[in-house]
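Produce the complete structure using the sequences and hints provided.
Adding 281 to a residue's 1-based position in the sequence shown gives its number in my numbering.
For the record, the hints were derived by calculation from the structure and aren't laboratory data.
Quick reminder that beta carbons are idealized off the backbone N, C-alpha and C, glycines included.
Mixed in with the good hints, there may be bad ones.
Under the rule of at most 25 Å between Cα atoms (straight-line distance), these lysine-lysine pairs were calculated in the DSS-like manner [what the hints assert, rightly or not]:
1. Lys-639 <-> Lys-467
2. Lys-467 <-> Lys-480
3. Lys-467 <-> Lys-813
4. Lys-433 <-> Lys-513
5. Lys-480 <-> Lys-639
Label pairs and their computed distance ranges (CB to CB) [claimed, not checked]:
6. Val-812 <-> Glu-548: 27 to 33 Å
7. Ile-826 <-> Asp-682: 31 to 37 Å
8. Ala-482 <-> Asp-803: 23 to 29 Å
9. Leu-808 <-> Ser-471: 24 to 30 Å
10. Asp-803 <-> Ile-507: 36 to 42 Å
11. Gly-614 <-> Asp-682: 46 to 52 Å
12. Ala-797 <-> Ala-615: 40 to 46 Å
13. Thr-339 <-> Glu-679: 40 to 46 Å
14. Glu-405 <-> Thr-781: 54 to 60 Å
15. Ile-826 <-> Glu-680: 39 to 45 Å
16. Ser-765 <-> Glu-405: 30 to 36 Å
17. Glu-548 <-> Leu-808: 22 to 28 Å
18. Leu-823 <-> His-430: 42 to 48 Å
19. Ile-630 <-> Ile-826: 42 to 48 Å
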Amino acid sequence: MSSSSIIKEQPEPVPEPEPTHTRRSISQVVHAHTTPLYEKVTTKHGWVGEYDYVWLCTPTLPFTIPGLGGKDKQRRTGPPFYALESELPILLAMTSGLQHALAMLAGLITPPIIFAGTLNLDSEMSSYMISASLIGCGILSLVQMSRIHLFKNFYLGTGLLSVVGTSFATLSTADAIFDTMYSNGKCPTSVAADGTVTKLACPDAYGYVLGTSLICSFLEIFMSFIPPRTLKRIFPPMVTGTVILMIGASLVGSSGIPDWGGGSNCESRPTSGDYMYCPSNDAPRPALWGSPDMIGLGFLSFISIILTELFGSPFLKNISIIVGLAVGCIVAGAVGYIDGSSISSAPAITFLWVHTFKIRVYPPAILPMLAVYISVAMEAIGDITASAEVSRVAVDGEEFDSRIQGGVLSDGVGGFISALFTVAPLSLFAQNNGVIAVTRCANRTAGRWCCFFLILFGVLGKISGVFLSIPNPVLGGVTTFLFSSVAVSGLRVLAYTRFTRRDRFVLAASLSFGIADLLVPDFFTYLFDGVKNPSSGLEGLLDSIEIVLTTPFLVSGITALVLNLILPTDDMQVDDDDDHAEIVDVEVDGHEMKGTH
Numbered sequence: 282m283s284s285s286s287i288i289k290e291q292p293e294p295v296p297e298p299e300p301t302h303t304r305r306s307i308s309q310v311v312h313a314h315t316t317p318l319y320e321k322v323t324t325k326h327g328w329v330g331e332y333d334y335v336w337l338c339t340p341t342l343p344f345t346i347p348g349l350g351g352k353d354k355q356r357r358t359g360p361p362f363y364a365l366e367s368e369l370p371i372l373l374a375m376t377s378g379l380q381h382a383l384a385m386l387a388g389l390i391t392p393p394i395i396f397a398g399t400l401n402l403d404s405e406m407s408s409y410m411i412s413a414s415l416i417g418c419g420i421l422s423l424v425q426m427s428r429i430h431l432f433k434n435f436y437l438g439t440g441l442l443s444v445v446g447t448s449f450a451t452l453s454t455a456d457a458i459f460d461t462m463y464s465n466g467k468c469p470t471s472v473a474a475d476g477t478v479t480k481l482a483c484p485d486a487y488g489y490v491l492g493t494s495l496i497c498s499f500l501e502i503f504m505s506f507i508p509p510r511t512l513k514r515i516f517p518p519m520v521t522g523t524v525i526l527m528i529g530a531s532l533v534g535s536s537g538i539p540d541w542g543g544g545s546n547c548e549s550r551p552t553s554g555d556y557m558y559c560p561s562n563d564a565p566r567p568a569l570w571g572s573p574d575m576i577g578l579g580f581l582s583f584i585s586i587i588l589t590e591l592f593g594s595p596f597l598k599n600i601s602i603i604v605g606l607a608v609g610c611i612v613a614g615a616v617g618y619i620d621g622s623s624i625s626s627a628p629a630i631t632f633l634w635v636h637t638f639k640i641r642v643y644p645p646a647i648l649p650m651l652a653v654y655i656s657v658a659m660e661a662i663g664d665i666t667a668s669a670e671v672s673r674v675a676v677d678g679e680e681f682d683s684r685i686q687g688g689v690l691s692d693g694v695g696g697f698i699s700a701l702f703t704v705a706p707l708s709l710f711a712q713n714n715g716v717i718a719v720t721r722c723a724n725r726t727a728g729r730w731c732c733f734f735l736i737l738f739g740v741l742g743k744i745s746g747v748f749l750s751i752p753n754p755v756l757g758g759v760t761t762f763l764f765s766s767v768a769v770s771g772l773r774v775l776a777y778t779r780f781t782r783r784d785r786f787v788l789a790a791s792l793s794f795g796i797a798d799l800l801v802p803d804f805f806t807y808l809f810d811g812v813k814n815p816s817s818g819l820e821g822l823l824d825s826i827e828i829v830l831t832t833p834f835l836v837s838g839i840t841a842l843v844l845n846l847i848l849p850t851d852d853m854q855v856d857d858d859d860d861h862a863e864i865v866d867v868e869v870d871g872h873e874m875k876g877t878h
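Structure below.
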């Protein structure tokens, strides 16, 4: 029995005194009813409803913060809860949808920006990749929210307010694949007089990732028809938590911090070439990697996120990442760090397939990409569970199992279709769960407005140009926080384990390889250098193994998976049919309840 199976919507609201805490009673839920369209668009109630917009936009003033002179009981009471199928006022649906879109935005634009930067693509192609990502996410999120009945108890989509985006697992793996393609000559490089190697533009590498992900997506489609309980037994929190933790940690080191210092191309501080200074020698205000200018600019974005969390309104707290980007860009633009060429070169209107890539399969990437889809499926199960809990729908039973099955299937189908959309594999994102919890709006109408705004942002090409012009330090300061949040999510999943001696052993063994990869990235790079004149097939296999071994979350996840399956259960460890359920404290609307997890 899950911790949220005790949360059930009451048939009728029960009048009660207004509580002193922030949220209202769980019984105060807005139920679904139908208002004629004419009345909805011509009346104030149809547009505005009873939602407390003042609460949503009221900042947290210093004298109201506990510990700074304020008292927690003085906080405003939040608005009522809008359930999955409730009828929303038009303004609330649009406002909540925009907030979901903005909360997702940083996570959606980061992967294509990093892909384009790693492959040294021009601004026109890079801008298109951002637009295609936003459009693809909007379209496939609509599919994920739809819950289309296929046959018997099988569905496509979760039927929840679920938004998809490019998985950070794909980002981490693609980085290793790109490194391999540059090292083996699949992608071109140039060598300066002092021996510095510069990576040249390689759009074909992105096409290889798309093609490989397209065929590997069938693994997740197949996994969607495996009973969720079986999947949870094969991939317990010990395995999935380790994977998520290492994804976040590796991205901080491979992308977040290098960008914060000025950019990965100039990280080694070459003494000649185009990247002696960051982000390049011909930038508006170039500087050495790690200089005070660069670090200070990124820190400004980072501290803006913290200040928004401390003083911001509920609306701003949910989009703190965007606030950090905006503050950093405003200051960077004022002092001359922003190059506006990407904005001027971006088209006013764009759509999918304006640019295309040669979609081909890269054999050495098949094994790592299969592992990515396994990871994506496990993330989807956790995200769907969290979405169901915060949306106050059943988190056990046949309906919940069908939501998991439909969500994983939609993820797999989305991985196939996204490749055709020229977008890296898309999977469920968890950011919108926090928005639902704070705004108390879990309605799918708001989710559809979110999709509308994402598609709109993608179609308006100038917006992609603006994102592309964000200076590396500003982006790095924000993504370091974003990727660290992913690592914290992994720790949260690991907290569900009992940490018996067996669990500690599995975790220690799996982290041994993952942390080794993080601290000494070239540890496994020379493993197969002694193999002389390998055949093309053997060379591809060795490259595939090397990609797995040099990707922290893959080597850790595989180690944890294997050890968890082969190590015997401790004699003192209870092995029941409830997946090692344990008592946990759950806070719902300010009330502490007991449940099992």
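Comparing the hints with the structure gives:
1. Lys-639 <-> Lys-467: holds, 14 Å
2. Lys-467 <-> Lys-480: Roughly 11 Å between the alpha carbons, so the hint for Lys-467 and Lys-480 holds.
3. Lys-467 <-> Lys-813: It holds: about 19 Å lies between the C-alpha atoms, which stays within 25 Å.
4. Lys-433 <-> Lys-513: At roughly 22 Å apart (the allowed maximum being 25 Å), Lys-513 and Lys-433 satisfy the hint.
5. Lys-480 <-> Lys-639: holds, 20 Å
6. Val-812 <-> Glu-548: 27 to 33 Å: Taking Cβ atoms as reference, Val-812 and Glu-548 lie about 30 Å apart, which means the hint holds.
7. Ile-826 <-> Asp-682: 31 to 37 Å: Since Ile-826 and Asp-682 have Cβ atoms about 36 Å apart, the given range 31 to 37 Å holds.
8. Ala-482 <-> Asp-803: 23 to 29 Å: Since Ala-482 and Asp-803 have Cβ atoms about 25 Å apart, the given range 23 to 29 Å holds.
9. Leu-808 <-> Ser-471: 24 to 30 Å: Taking Cβ atoms as reference, Leu-808 and Ser-471 lie about 27 Å apart, which means the hint holds.
10. Asp-803 <-> Ile-507: 36 to 42 Å: holds, 37 Å
11. Gly-614 <-> Asp-682: 46 to 52 Å: Because 50 Å falls inside the window, the suggested range holds.
12. Ala-797 <-> Ala-615: 40 to 46 Å: holds, 43 Å
13. Thr-339 <-> Glu-679: 40 to 46 Å: holds, 42 Å
14. Glu-405 <-> Thr-781: 54 to 60 Å: holds, 55 Å
15. Ile-826 <-> Glu-680: 39 to 45 Å: Holds, since Ile-826 and Glu-680 (Cβ atoms, about 42 Å apart) stay within the stated range.
16. Ser-765 <-> Glu-405: 30 to 36 Å: holds, 32 Å
17. Glu-548 <-> Leu-808: 22 to 28 Å: Given about 24 Å between the Cβ atoms, the range holds.
18. Leu-823 <-> His-430: 42 to 48 Å: holds, 46 Å
19. Ile-630 <-> Ile-826: 42 to 48 Å: The hinted range 42 to 48 Å holds for Ile-630 and Ile-826, with Cβ atoms some 45 Å apart.
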